[in-house]
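Enquirer: Chains G and F supply the protein sequences, listed in that same order. Under the working numbering, the first residue of the first sequence carries the number 96, and numbering increases by one thereafter. Under the working numbering, the first residue of the second sequence carries the number 1390, and numbering increases by one thereafter.
Check the hints yourself; a few may be wrong.
As the list claims (entries may be wrong) - Quick list of the computed label-pair ranges, beta carbon to beta carbon:
id: 1; chain 1: F; residue 1: P1410; chain 2: G; residue 2: V359; range: 45 to 55 Å
id: 2; chain 1: G; residue 1: G445; chain 2: F; residue 2: A1524; range: 53 to 63 Å
id: 3; chain 1: G; residue 1: D432; chain 2: F; residue 2: N1398; range: 29 to 39 Å
id: 4; chain 1: F; residue 1: E1481; chain 2: G; residue 2: R229; range: 56 to 66 Å
id: 5; chain 1: F; residue 1: P1436; chain 2: G; residue 2: R286; range: 32 to 42 Å
id: 6; chain 1: G; residue 1: P338; chain 2: F; residue 2: A1514; range: 44 to 54 Å
id: 7; chain 1: F; residue 1: M1543; chain 2: G; residue 2: D257; range: 53 to 63 Å
Unchecked claim - Which stretches of chain F does chain G cover? Using the computed rule of at least three CB atoms under 8 Å from a CB of chain G, they are:
id: 8; stretch: 1399-1407
id: 9; stretch: 1455-1461
id: 10; stretch: 1490-1501
Everything labelled a hint here was simulated from the structure, so no lab data went into it. The beta-carbon is built from N, C-alpha and C at its ideal position, and this holds for glycine as well.
The chain contents come next:
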Amino acid sequence: MKRRINIGLLYSRSGSYSLIADACRMGVLTAVAEVNGDQALDLTFVLTERDPGGNIDLYGPMCEEILHDGGARHVFGCVTSWSRKEVIPVLERAGGTLWYNQPYEGFEASDHVVYSHACPNQHLLPLLGWTFGRFGRRGYLTGSNYIWGWEMNRLARELIADAGGETLGERYLPIGSTEVDRMIDEIRATRPDFILNNLIGASQYRFLNAYAELGRQDKHFSPDRCPILSCNLTECELHAVGPVAEGLVAAGPYFRDAPGPAGVGRFGSSHEAAGYAAVWRLARLLAGRPGAENAPLSELLASTAAAETGIDPKTHHTVLPVLIAQAEGGSFRVVKDCGSVAGDPYLTRGRELALPAPRLRVVP
Amino acid sequence: MKRRVRSQNLGGARAILLHRPHPTVQALERQLAAIGLAVEQCWPDLPASAIAADFIFFDADHGHDSQFPWEPGNPPMPMIALIGSEAPGRIEWALNAGADAQLLKPVGDGGAFSALLTARAAFEARQALAAEVAALRQRLDQRQTVVRAVAMLMGLGKTEDEAYAQLRAMAMAWRISFEGAAERVVAAQRGPDTQVRGGRDD
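Turn these sequences into a full structure, and let the hints steer you where they fit.
Expert: Printed below as a string of structure tokens:
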């Protein structure tokens, strides 16, 4: 007899970032179907779903509904860091857990969240290290006007300064805004070595289009001289962006067409892979332990089953492959495999970028 | 003043929690461990090693001055008050003990990181101010020396303005402060064997 365990789903199926939400949701649903069909497991997951529709103010109340009315303790959801920060107080009050399956900006280790996707030491640091050695250290920073862009760019600014580089500009757009002309004008004027793109949704799509147009006018702004970098663009948005994404360099734990432990083409994107992995981790924490579904996360992570899930009991982050890949003909081609790296949200283990050794010159 | 608070350098830092065993201590230990700090809990006495800690969190509800082995209000590291009862007397005591930041009890899922950064920034600002005040105070104390040095140089037949100008020129040549130059002039005059000599920083 299988235990029926309620879990929640809190993804926005419409709005600016719905493509990412759909990808995560797909991964979660695939894994739930597998878990429910697995006769070796003594549990099935029953879903309660709420759709905030991209409205930030609905995340808190809807998370509360899932936890109280749905009787769930574990919620899979949230795309933006803003929405994650909205639901954490609700989780804390109710003793719930959010399984967050997005790359994010780090500097968080809530007792009520498991972070299944990459944080800066797994995306931004390796990506900038690779870029500095290949293109230079003069960057232009963009972002959507909320915490992901602000914090990513703050860290990038520090890393650029530490490496002796220069931040030539930093500009933000409200979520959903497509007024990218000023950014493009500033980029044209400052001629950076790379552009760090932390825009999301429609702003990002418009920006990539405008930058491709700039590249047609001036050869400096081509991917082989001044690439656009991203820590959250994956295959799930690539088709929406179209051919203008060509040459964009992204960091992530999984790319669809890269060989790896997950297998080529197993998931559509790293978002999907992270959602899938999160559900299986929860299943392993609960399987064979009746009553565990009512235990708080801290108790689950203190169990022996926790070690196999790869969740660090201190930070609730995971060990992930770190890959750097370049968009090419509608998919990503891996250009560097940095191996597996444990999430280090507060950069406690340092912030070295693994730069290539400096070239020494004989000074006459 | 615009402050740039850098988030680095917390990894490996040592924090002492001066608080009796309590769920608040557990919650705080969890947060600090996640941020990367080594944590030691103690109550009611601070161990001798506390002097080398990077941060001290202390109980503002039951704490008292004799717990701290340094001059009251002048701890050698940033301190963070753990405040349960917001009674004015207790807040006043916590401030006088040298709290650079605070965290309200019960401590839950957050607050430690901002308290650490706030406390460190406030502590550093306080240290910088104290150093500046000490330097200014020293210059004030040297006013009499300056007057003496000017009087001596005037005794050699200079006007007051010329004496000042000469003293300033000496300070520049020796690359020391105006007050430092005055001190050398006075010292050279006093001791029969000493001479006004330049070229070395004090």
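Enquirer: Would you mind marking each hint as holding or not holding in the structure?
Expert: Structure-based check of each hint:
For the pair P1410 (chain F) and V359 (chain G), the supplied restraint of 45 to 55 Å holds, since their beta-carbon distance comes to about 53 Å. A C-beta distance of roughly 35 Å is found between G445 (chain G) and A1524 (chain F), which places it outside the suggested range of 53 to 63 Å. In this structure, D432 (chain G) and N1398 (chain F) meet the distance hint of 29 to 39 Å, their C-beta atoms being roughly 30 Å apart. Between E1481 (chain F) and R229 (chain G) the Cβ separation comes to about 58 Å, which falls inside the hinted range of 56 to 66 Å.
A hinted range of 32 to 42 Å for the beta carbons of P1436 (chain F) and R286 (chain G) is inconsistent with their spacing of about 57 Å. The beta-carbon spacing between P338 (chain G) and A1514 (chain F), approximately 52 Å, falls within the hinted interval of 44 to 54 Å. Checked against the given bound of 53 to 63 Å, the beta carbons of M1543 (chain F) and D257 (chain G), roughly 55 Å apart, stay inside it. Chain G is given as covering the stretch 1399-1407 of chain F, and this holds because 3 residues of the stretch bring a CB closer than 8 Å to a CB of that chain, at least three being needed.
Remark: the stretch 1455-1461 of chain F is not confirmed as covered by chain G, as 0 of its residues place a Cβ nearer than 8 Å to a Cβ of that chain, below the required three. With a threshold of 8 Å between beta carbons, the proposed coverage of the stretch 1490-1501 of chain F by chain G holds, since 3 of its residues qualify and at least three are required.
In terms of the numbered hints stated before, the structure departs from hints 2, 5, 9, listed from lowest to highest.
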